[in-house]
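Engineer: Each of the two chains sits in its own frame; use the hints to bring them together as a complex.
Top line first, the protein sequences correspond to chains Z and H. Residue numbers for the first sequence follow this note's numbering, so the first one is 1 and each next one is one higher. Residue numbers for the second sequence follow this note's numbering, so the first one is 1001 and each next one is one higher.
Simulated from the structure, these hints should not be mistaken for laboratory data. It is possible that part of the hints are untrue.
In silico DSS-like pairs for lysine-lysine, Cα to Cα no more than 30 Å straight-line [claimed, not checked]:
no.: 1; chain 1: Z; residue 1: K276; chain 2: H; residue 2: K1362
no.: 2; chain 1: H; residue 1: K1156; chain 2: H; residue 2: K1362
no.: 3; chain 1: H; residue 1: K1362; chain 2: Z; residue 2: K3
no.: 4; chain 1: Z; residue 1: K203; chain 2: Z; residue 2: K144
no.: 5; chain 1: Z; residue 1: K324; chain 2: H; residue 2: K1257
no.: 6; chain 1: H; residue 1: K1071; chain 2: Z; residue 2: K4
no.: 7; chain 1: Z; residue 1: K272; chain 2: H; residue 2: K1002
Ranges of calculated distance between the beta carbons of each label pair, as one might list FRET restraints [as the list claims (entries may be wrong)]:
no.: 8; chain 1: H; residue 1: S1160; chain 2: Z; residue 2: D278; range: 57 to 67 Å
no.: 9; chain 1: Z; residue 1: D278; chain 2: H; residue 2: K1002; range: 43 to 53 Å
no.: 10; chain 1: Z; residue 1: K419; chain 2: H; residue 2: R1367; range: 56 to 66 Å
Keep in mind it's a predicted model, so treat the numbers as computed, not measured. Cβ atoms here follow ideal geometry from the backbone N, Cα and C, with glycine treated the same way.
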Amino acid sequence: MIKKEMIAMLLAGGQGSRLGVLTSAVAKPAVGFGGKYSIIDFPLSNCINSGVDTVGVLTQYQPLRLNTHIGIGIPWDLDRNVGGVSILPPYEKSTNAEWYTGTANAIFQNLRFMEYYNPEYVLVLGGDHIYKMDYEEMLNYHKKNNADITLATIQVPWEEASRFGVVITDDKMRISEFEEKPKNPRSNLASMGIYIFTWKVLKEALLALQDQEGCDFGKHIIPYCHNRGDRVFAYEFKGYWKDVGTLGSYWAANMELIDMVPVFDLYDEFWKIYTKSDIIRPQYIADNAVVHRAIIGEGTEVYGEVHNSVIGAGVTIEEGAVVKDSIIMKNSVIGAGTYLEKAIIAENVVIGANCRIGVGEEVPNELQPKIYGDGLVTVGEDTVIPEGVVVGKNTVISGGTCADDYINGILPGGGSLIKAGDRR
Amino acid sequence: MKAIGIILAGGNSARMRELSNKRAIAAMPVAGSYRSIDFALSNMTNSGIRKVAVLTQYNSRSLHEHLSSSKWWDFGRKQGGLYTFAPTMTTDNSFWYRGTLDAIYQNADFLRECHEPYVIIASGDGVYKLDYNKVLNSHIESGADITIVVRNADDKEDISRFGAVSVDGSGRVVAFEEKSSRTASRLISTGVYVIRRRLLLELCEAAIQNDQYDFVRGVLIQYADTKKIMTYMMDTYWSNIASVESYYKTNMDFLKKDVRDFFFKVHPDVYSKVDDLPPAKYNPNAVVKNSLVASGTIVNGCVENSIIFKKVYVGDNCIIKNSIILNDVHIGDNTYIENCIVEAHGSIQAGQHIVGSPDDIKIVVERKDDRYI
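Only chain H is shown next, with the shape it has when bound in the complex (with noise of 0.2 Å):
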């Protein structure tokens, strides 16, 4: 293989709001399944990469717990492998990551011993599926120096949270601008980008030493006008969870057949951590419409155009509508839930009423503790 990876994993959100307090972006659960870093772990290893860092910082418990064995992914080898490299402290430097480049530029180390020559650079809080190969071959034959990874905004989306990349008629980047509500371009990054790994170093300690820590600002807007900057266009599915909003509705689309069908039935596969759980069991009263529902959970009420994580338990008469459940929530009997996320390991008791809006996803956290009193 030509390349190594790199997935940035160590991000929070303040738009993800109480579903941070728990675990970075990375780890959260997405759509009954997996994980969101999963998706870029099973983009690489179905890419052929065999050498992966990870690299966390914010909250990483239930990442590093999620990554804990590599072989779920199919990096538990003797060439190459996956590594988490969180910030440490050394001789000449005590800082945490303080910027993606930084992060980066703190394992340098990692980098200048690898001998391929290209490095692929992912985020760990995207959903997509995308061989990166064909990337790096477009990056090859365009003879760029960075290839970012782009794709047409939808219309009615809110782009403001992402890079917005203006292009000549050849597909070279001519202004990247972030996090703007300014610009007219509608073509967006994914955080998707491959570079030499030589230029890499290069520009990682270049843009340190002008106490430059984020790579987005550090590199690509730095280098737009003098680097070949180009763009490689994905036009499949691709959201990124990183806000309340959009991890709701990431998880809804996979309510959607044709974005099942694309995850699901059409190879290559996504991988996670397999938990050996039974499979799941609805009991004489369960009512159950469009929903997804993965394994381990038991169903005694009515779901509907919900997504109910591993080992839930759902109560008698309950209803749950427009809902995400986390993993491992035991939901009383008796209980009406609506257009809410509830938190993973939760207990919800007996007989409560929580509705959100459709326009105001509510988050439910509860301890989980309180079933064994």
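So here's chain Z without its partners, still in its complex pose (with noise of 0.2 Å):
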């Protein structure tokens, strides 16, 4: 007979479109991290370590790069012969067929998956942030409370509040009240998108609201179980917890991984991130060349300079290049003599010769200022950059550009180039 204790649903089928041209081809989840990584390591990592080995993965929006990426789980252990993980998008069925309208209505749409592995609990999950989280540990605490449905937190500063969803609490820590982004918050603990129902529980809400449109945990399923008196606790976690949402945070996020000791420690040998590693080789670091303050992944060639930056595998910095405060994901190249500071380069983007990028004055970003800002170039993967242009600050390149793009060999601060359809 078939028995998982808990099994774990990931949504992973969101956009992330804050994060601007880097998740134009690939989900937020399939995003490169820290050099070697990809968001969805972070929970699919958790989980194996928690010894939860049941994953269902659900994906709509562009799913290509998490399919391969996820393979049958090898990375993480996850090739089971019974559980593991399977990649979940959505199918048709003989009444109907639709996409996944919200993130309980993408679970609803799996109820069977969940049903045969016959669990006790279900954990839903996020794809979308950089932590360690012991779930066993949150499981016990819902056991323990003998709760229906368990929320895990975290205390954020008071001034940040109003940007999440609040829980209010007794001194049981069982949960009152939910304020969605208040504006005067009464509580800091923010709900972090992570739940542990217990399966009937779960079962008989979804079942409950299976008409209602765009069903949604945190507007519908959560809001419904806590008015008809289940018992929904939060659970308080104390780690790193790191939003990547917008491109600012994400690139933050990068950078704290090079301090001295940094706040989140990917060296921890007893809470590994596993990912899949197709470039094992070593890197090469050339006689002329100059690494200060970097990480840096497998197989990088560099020949130029790079200060205080997070390289990704596969990567070539060329002779004379200048890398500063930037991120380079896999597989990209860096012409010789370019000058780069404050760009999020995605993977496979070749940057000719002499070119200076991230210069100049700071002037908001003429279309979507509110994505592309903080100073920060961003180059959406597979892109083409010519040799010797100049790009400014708060720009954003993407698809195989040539030097006609380019008026006078400059973008602008602010400027976006996009050649949508334009891969090589």
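Structural biologist: This is how it looks when you write it as structure tokens:
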């Protein structure tokens, strides 16, 4: 008989549109992080490290890279005879066919997947945060409280509390009230979007609200359960938890990793983060290279200078190139003599020689100032930048650009250069 | 596939000095991220061979650990797979493997039960990339009984530890001399052979009857005149790591761009067990020149012309020159290391001055537990 005490459902279908071109061709959980990882590696590694060996990954937006990344789950030891990792895209049913319309709707559409494993508890996770968390500890807390639902929460600075959904609890941590993005927050305990449900409670609620349009955990399921008197508890998580939902926060979280003693320790032997590594060769630092405060992934070759940066695997930084305060993802090439400052360069980008990128005054981005800010240059995957161009701050470049796209060889600060469909 | 693979990985060599105390030669770490046997295993899988037996004997714990899962080389299959055969006691045999041929003979049942017509025999201490199919095709085309993969030794290379082959105009072996310095031939055997499976079984049985236990002596030298032994010329990079000097040189060769590109950038890849280590980290005072650095390493000091393996910690104000630092070594602050090979899982105390010479590479073996005192 098949029986799993707790299975996990990992919501990985969101676009993460505030990451701009970084998610134009991949879902946010597949975006690279920290030199060799993808964002989804953190919740997946947490699962296996917590003893959760059955994980359904719900995909919808641009799933191809996630599919190849996850495969049959080998890197996380999630290749199992019973359980392991399953990718769950929306599918056509005999009566209807619909996309996942909300977080809870997505889980509802996979009711039979969960039933197959006959679980006692279901852990619902997002795929877009950087953290290490022992879900088993949270489950023990859930059991101890005889709870129906437990929400993982974290104390956030009071001034930021109005950006989150916060919970108000009694002295036993049972939740009495929820406030979604309150103007005047009465609590700074923010929900992390991580829930443990007692399976019966979840199933009942999903069935009861199956006709709810865009059925969402935060908006519908949890209020529904709370209103009917279910025991809903807050579990306070005290570790590192980082939202990387905007380019600014994504950049900052990467930069924290190069601190002398980073707050988030990737070198921890007891809570390893696993990822699919298709590049395993060592990195090469050449004779004239300078590497000063950086983390660098496998197989990267540095002939130029790297300062204060996070460099992914298989990257080439050619002679005379200077990379400062930047993130460069897998297999990208920075041409000889190019100067790069405060840039986020996605996978497989080729930047020609003698460019000056991320220079000049800060001007707000003309198209999407809310997305492309913080003085960053963001370059989407597979982009080609011709040699000798100058690119200002708060800019975005995507696609196979050529010299003609840069008027007088310049993309001024605040400019956007997106050549959709012009992939290599 | 028409062939199965056998990798001879049981050997030890006094030429490896202290380095062999810890592990079989085939398990020696190479080029920062690999083990020696990864090259033969990757060649096997990249040549489409699905069934590979690794014969181990000497100090095999570390090697078995490396091979504990076969998935990294894509051998986790229903059809075929990766087998490690260490010597066992049976009712009629209680010997260790008395030689390479005996090692094969003691696993004759494995050979008998295969259906593939050919066997590719390789050793676990060669660093090279080779498509064994090409050797096999040449073997079949030439109608050879045995094909030996050979290469021309470099002018300065000391070939006294290799088998030297003399051939006629057609590439047929006319003489095979083992580990001899007298020979005029600069053509050396790489220890890769192709032979028909049934013939191998036959020759094994005959040799064992005559108390011959070594493949080179019992087969190659024995039958050099009577069997058709052909050569296959290999002209790409090949190195055997089974002496401290060549082990050091082989690693240092990876600092050359052409060698690095050949192994790292030309299809197909070399595979190894994945260790899930974080990216290498360079702290503010790190200075690194012309070096290979593997993942999980943290550099605070200065590293020059060196190979830093996985999970190494280089302390403040250290200077490491022309050296190889094997896996999981902790180097205390203000240490100077030059022309050394630092054995894995060691802890070098702060402030040490350890210097070898280019002609006499120093092997440094330190215990690890000091770190935890």
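Engineer: Taken at face value, is the distance from the CA of Z/K3 to the CA of H/K1362 at most 30 Å?
Structural biologist: At roughly 57 Å apart (the allowed maximum being 30 Å), Z/K3 and H/K1362 break the hint.
Engineer: Assess, step by step, whether the Cα of Z/K324 is no farther than 30 Å from the Cα of H/K1257, and give holds or violated.
Structural biologist: holds, 26 Å
Engineer: Go ahead and decide if the range 56 to 66 Å is satisfied by the Cβ distance of Z/K419 to H/R1367.
Structural biologist: holds, 59 Å
Engineer: Please work out if H/K1156 and H/K1362 have their alpha carbons no farther apart than 30 Å.
Structural biologist: Holds, because 22 Å separates the two Cα atoms, which is no more than 30 Å.
Engineer: Given the hinted pair Z/K203 and Z/K144, is their Cα-Cα distance within 30 Å?
Structural biologist: Holds - the C-alpha atoms of Z/K144 and Z/K203 are around 21 Å apart, at most 30 Å.
Engineer: Measure nothing beyond the straight line between the CA atoms of Z/K272 and H/K1002; if it is 30 Å or shorter, mark the hint as holding.
Structural biologist: violated, 41 Å
Engineer: Could you grab the alpha-carbon distance between H/K1071 and Z/K4 and see if it respects the 30 Å cut-off?
Structural biologist: holds, 26 Å
Engineer: Sort out whether H/K1362 lies within 30 Å of Z/K276, counting only the CA atoms.
Structural biologist: violated, 37 Å
Engineer: Between the beta carbons of H/S1160 and Z/D278, is the distance compatible with 57 to 67 Å?
Structural biologist: violated, 41 Å
Engineer: So the hint says 43 to 53 Å: do the beta-carbon atoms of Z/D278 and H/K1002 match that?
Structural biologist: At roughly 29 Å between Cβ atoms, H/K1002 and Z/D278 fall outside 43 to 53 Å, so the hint is violated.
Violated hints for the displayed structure, listed by number in ascending order: 1, 3, 7, 8 and 9.
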